[in-house]
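Peer 1: Protein chains in written order, with this note's numbering: chain A, 6 to 278; chain B, 213 to 421.
Keep in mind that the hints were calculated from the coordinates and are not lab data. Treat the hints with caution; some may be incorrect.
[Claimed, not checked] Computed list of chain B residues with no C-beta within reach of chain A, every gap over 10 Å: (1) PHE234; (2) PHE240; (3) ARG246; (4) TRP277; (5) GLY283; (6) LEU340; (7) GLY370; (8) LEU385; (9) VAL387; (10) GLY388; (11) GLY390; (12) VAL408; (13) TRP420.
[Claimed, not checked] Partial selection, computed: residues in chain A whose CB lies under 8 Å from chain B: (14) ASP41; (15) LYS61; (16) GLY68; (17) ALA72; (18) LYS76; (19) GLY77; (20) GLU91; (21) ASP180; (22) HIS183; (23) THR205; (24) ALA231; (25) ARG233; (26) VAL234; (27) GLY235; (28) LEU237; (29) GLN241.
Using N, Cα and C, we set each Cβ at its ideal position, and we do this for glycine too.
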Amino acid sequence: MKTLAVCSLLWALLSAAPSAAAGPSVILATTTSTQDTGLLDDLVPAFERTSGFQVKTIAVGTGAALAMGEKGDADVLLVHAPSAEEVYMSRGRGLSRQLVMHNAFMIVGPPSDPAKVKGIGIAADAFKRIVAAGSPFVSRADDSGTNIKELALWKDAGVTPAGSWYIKSGSGMGDTLHIASQKAAYTLTDDGTYLAQRSTLSLLPVVEGARDLLNIYHVIVVKPIAGRVGNLAGGQAFAAYVVSRAGQQLIASFGKEKFGRALFTPDAMPASR
Amino acid sequence: MAAIAALSIAVSVTATLVAALFAIPGAFWIVHGRSTGRVLLLGFFNVGLGFPPVAVGLLIAFFFWRSGPLGWFDLLYTPGTMILAQVIVIIPLVGSLAVIALRTVDATLPHQLAALGVPTATRRRLLLREAAPVLAACVVAGFGRAIAEVGAAQMTGGNIEGQTRVLTTATMLAVGKGEFGQAFAYVAVLLGIMAVIAGGTLVLQARWR
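Looking at chain B on its own, in the form it has when it is part of the complex (with noise of 0.2 Å):
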């Protein structure tokens, strides 16, 4: 059990950080950039919203077969190749709420900056740690999408014990077994760690402020 979720977590917590690295600083440029490549991306970001992690999940293993394209990595049916496709998932989710986020703070900010004649570099500093309270809320969102996903982790996970056995596909497997009582535990402790993150996400959001 411990071990299940300690690599739920890992997974998941790696998937979003990576999922972040990406997609805060596309929504940055989507709000504060001039080219006109940022509305092909905001586009990505609003119909990846509506990704299946079963669509992303088969794309990934079809890649990553040993019979596919990518076989000779020898990646499918580890970590890695369930990272990547939550990544893919989480990406459009994190970023387009974080262009809602900057969005809202950078209605009057910014002006109201300028008018004071504060440089720019310091401004977008001010601007960052303005909105990095609700930046958290939107990559805590990632988060629970990731933990929460079994389509995709069944497909490129495989469910092997040990190795790629997360919360959501270790309780499938128990519903599948007819252990009801293990896929309760299962789901008890994903909504515990749902809880300790929202949790953590309050505490630290009330400090920023």
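Chain A on its own, in the form it takes in the complex (with noise of 0.2 Å):
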């Protein structure tokens, strides 16, 4: 009687989900950045009720997230490492890719400032004095897109991170920012998730609005491989829906209520802004 209780409630919970109407469903590969500001429970059930179809989100960093695209174990990517993109793009894997938005990177540290970077406004430069000062770095270490920015700012520096001053925390970003700060270390951070986490962190912004620190979002659309299950229909309404006035709305909106401000800035339709 229990047995039969329980299997018709999961038969309930299984049938539930309206796969069979619209195909499989769509699957979205993106960052962690996006789900830890809380952008994609907007956004995501915004797009199911508009266009009907099924989302599942698999949050991981640009670099899974791409290679999730290259396999087609994805229809559809939101990610933030454009020179990465390019390359994947290059290769034939992506059906479009269009700019959605962008917010900015930040470099975070403890109140005190130990390396005294505070003001600096070139990204690298203060790496170098964070360098110069030994102070701790945590470093996402995860290929993500923060994590593909970081080592290219460690390149412009002219510095091989590597010592016991820089962690790798092979986390995600809200993760990384807790980590770095009960070690009283700077990291690099989107400007989004630590203003939606600054509440229970005990770091203050060194540097921001550094030219070298703009945070970029593209949506891709993935090129199914055939004869493999996959949803392009819903990939590509997924990618028109972001970028559509209601999808730009969202973005723009996003954040104003609950942090006092957006944390991004729309891209794909400059005259809504």
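Work from the hints to combine the two standalone chains into their complex.
Peer 2: Now the structure itself:
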């Protein structure tokens, strides 16, 4: 009797998924920063309501998201590492790539700012100062868009980061911020995730608004692989939605209520700003 | 919260029942059967106790990725693959505990019953009734491992809101978002579920005695 009840409950759960109506669900591979800010909690349900597609959001680093696209394990990607994306597109694994939005990276650090980097106008110079002072720095070290950006900045700074001061967290943006906060270390973050979490952190922004700290997001429709499960129409519909007026307005207003300011600036429809 | 807890329970209860369906007859066979294959199954149970859930999760994910050999089922990131992973993780646990339980009961009872001239079928039934409270505890242990597991649930389910988000993966996400209060709430519900299950088992066992 109990078994029967449990089985019927599970059956109800499994069959509630309206996957039969619109083909397989759309797999969106995206970055932890879009999930940890909460943007996807607004954007994905809104898309599902207007389109009727069902989305499975898998939040990984940009590197992993591009790898999923490469193998045809995802239908659409929302990522933020332009240099890696260009390589991906040049391999012919994307049908389209469109600019969606940006926010900025920032360097955050302990309030006492032991390396005295506050106010430096170029991020790569701030990195040099952190190394010179021997202050700890937490790296995502997970091939995410933020990690790719960080490594590019080290290259600009002419430093090969290694040593006990260089802490590789291997975790998402939210977790990495908490590790940096607990270890009184500096780290590179997107401003959205930092703003969404700053109340639980003892970290302050030390470098923001620098020219080399722009964080740009693109949406890529994955080129399907013949004979494999996929949902091309769903992927295209999602990409079209995030750059549509409705999607862009949602992005523009996201965060205003909760954090007092928008966390992302929409870029696909300049006129609507 | 309610939906996440309900999914956690539904997935883990289903996985536990499916696992018990294989593990308990398997344990009976090991204790009462004659074939030498019993040693292999016992070996599998014992080795399987050490299966890391992340390894099982990765293996299931590998098979069910769209690019994997079973990708055309389109089952990855559904409760189905989560249940499959949990079944594999807990069959050895339930099985090897059940073997120990049945052996404890077995030590004296069958000889006594045989000496009394009780027919084999009745003897089996009496044995099962005698072992039931201990077997229930084995199944509860399996459920405990299933619902507390996070690595395989994340990899095979993907922590998708409203579809595959369970209490453990929701806790990880809440910590990632810095929502520690929410994380503690999930953990409290998880502990509450285990408390209810453990209490219920105690009551059942008392009634059986």
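Peer 1: Against this structure, judge whether each hint is valid.
Peer 2: Verification of the hints:
With a cut of 10 Å on Cβ distances, PHE234 of chain B stays outside the contact zone with chain A, its closest approach being about 15 Å. Annotated as non-interface, PHE240 of chain B keeps its C-beta farther than 10 Å from every C-beta of chain A; the closest such distance is 19 Å. The beta carbon of ARG246 of chain B is kept farther than 10 Å from every beta carbon of chain A, the shortest such distance being approximately 31 Å. A cut-off of 10 Å between C-beta atoms contradicts the statement that TRP277 of chain B is not in contact with chain A; the least separation is 5 Å.
Chain A draws GLY283 of chain B into its interface by the beta-carbon criterion, the shortest separation being 6 Å against a cut-off of 10 Å. At roughly 17 Å, the least C-beta separation between LEU340 of chain B and chain A is larger than 10 Å, which holds for a residue marked as non-interface. At the 10 Å boundary, the C-beta of GLY370 of chain B falls inside the reach of chain A, the nearest C-beta of that chain being 5 Å off. With a least beta-carbon separation of about 7 Å from chain A, LEU385 of chain B fails to lie farther than 10 Å from that chain, contradicting its non-interface assignment.
At the 10 Å boundary, the C-beta of VAL387 of chain B falls inside the reach of chain A, the nearest C-beta of that chain being 7 Å off. Distance check on GLY388 of chain B: its Cβ comes as close as 4 Å (rounded) to a Cβ of chain A, failing to clear the 10 Å threshold; non-interface status is violated. The beta carbon of GLY390 of chain B sits about 4 Å from the closest Cβ of chain A, which is not more than 10 Å, so the claim that it is off the interface is violated. For VAL408 of chain B, the condition that its CB be more than 10 Å from all CB atoms of chain A holds, with the nearest at approximately 14 Å.
With a least beta-carbon separation of about 16 Å from chain A, TRP420 of chain B lies farther than 10 Å from that chain, consistent with its non-interface assignment. Restraint check, ASP41 of chain A versus chain B: the minimum CB separation of about 5 Å is within 8 Å; hint holds. Of the supplied interface hints, the one on LYS61 of chain A holds, with its beta-carbon coming within about 5 Å of a beta-carbon of chain B, less than 8 Å. The beta carbon of GLY68 of chain A comes no nearer than 17 Å to any beta carbon in chain B, farther than 8 Å, and the hint placing it at the interface is violated.
Violation of the interface hint for ALA72 of chain A is found here, the shortest Cβ-Cβ separation to chain B being roughly 10 Å, above the 8 Å cut-off. At about 4 Å, the closest approach between the beta carbon of LYS76 of chain A and any beta carbon in chain B falls short of 8 Å, and the interface hint on this residue holds. At about 6 Å, the closest approach between the beta carbon of GLY77 of chain A and any beta carbon in chain B falls short of 8 Å, and the interface hint on this residue holds. The interface hint given for GLU91 of chain A is violated, since its Cβ lies 23 Å from the closest Cβ of chain B, which is over the 8 Å cut-off.
Because the beta carbon of ASP180 of chain A sits about 5 Å from the nearest beta carbon in chain B, less than 8 Å, this interface hint is met. Interface restraint check for HIS183 of chain A: the shortest CB-CB distance to chain B comes to about 7 Å, inside 8 Å, so the restraint holds. Checking THR205 of chain A against chain B: minimum C-beta separation of about 4 Å stays under 8 Å; hint holds. Interface hint at ALA231 of chain A: violated, since its Cβ lies 12 Å from the closest Cβ of chain B, which is beyond the 8 Å cut-off.
Because the beta carbon of ARG233 of chain A sits about 5 Å from the nearest beta carbon in chain B, less than 8 Å, this interface hint is met. Hint status for VAL234 of chain A relative to chain B: holds, with the closest Cβ pair at about 5 Å, below 8 Å. For GLY235 of chain A, the interface hint holds, since its Cβ comes within 8 Å of a Cβ in chain B; the closest pair sits about 7 Å apart. At its closest, the beta carbon of LEU237 of chain A sits 12 Å from a beta carbon of chain B; the interface hint therefore is violated under the 8 Å criterion.
Here the hint on GLN241 of chain A is broken, as its CB sits about 17 Å from the closest CB of chain B, past 8 Å.
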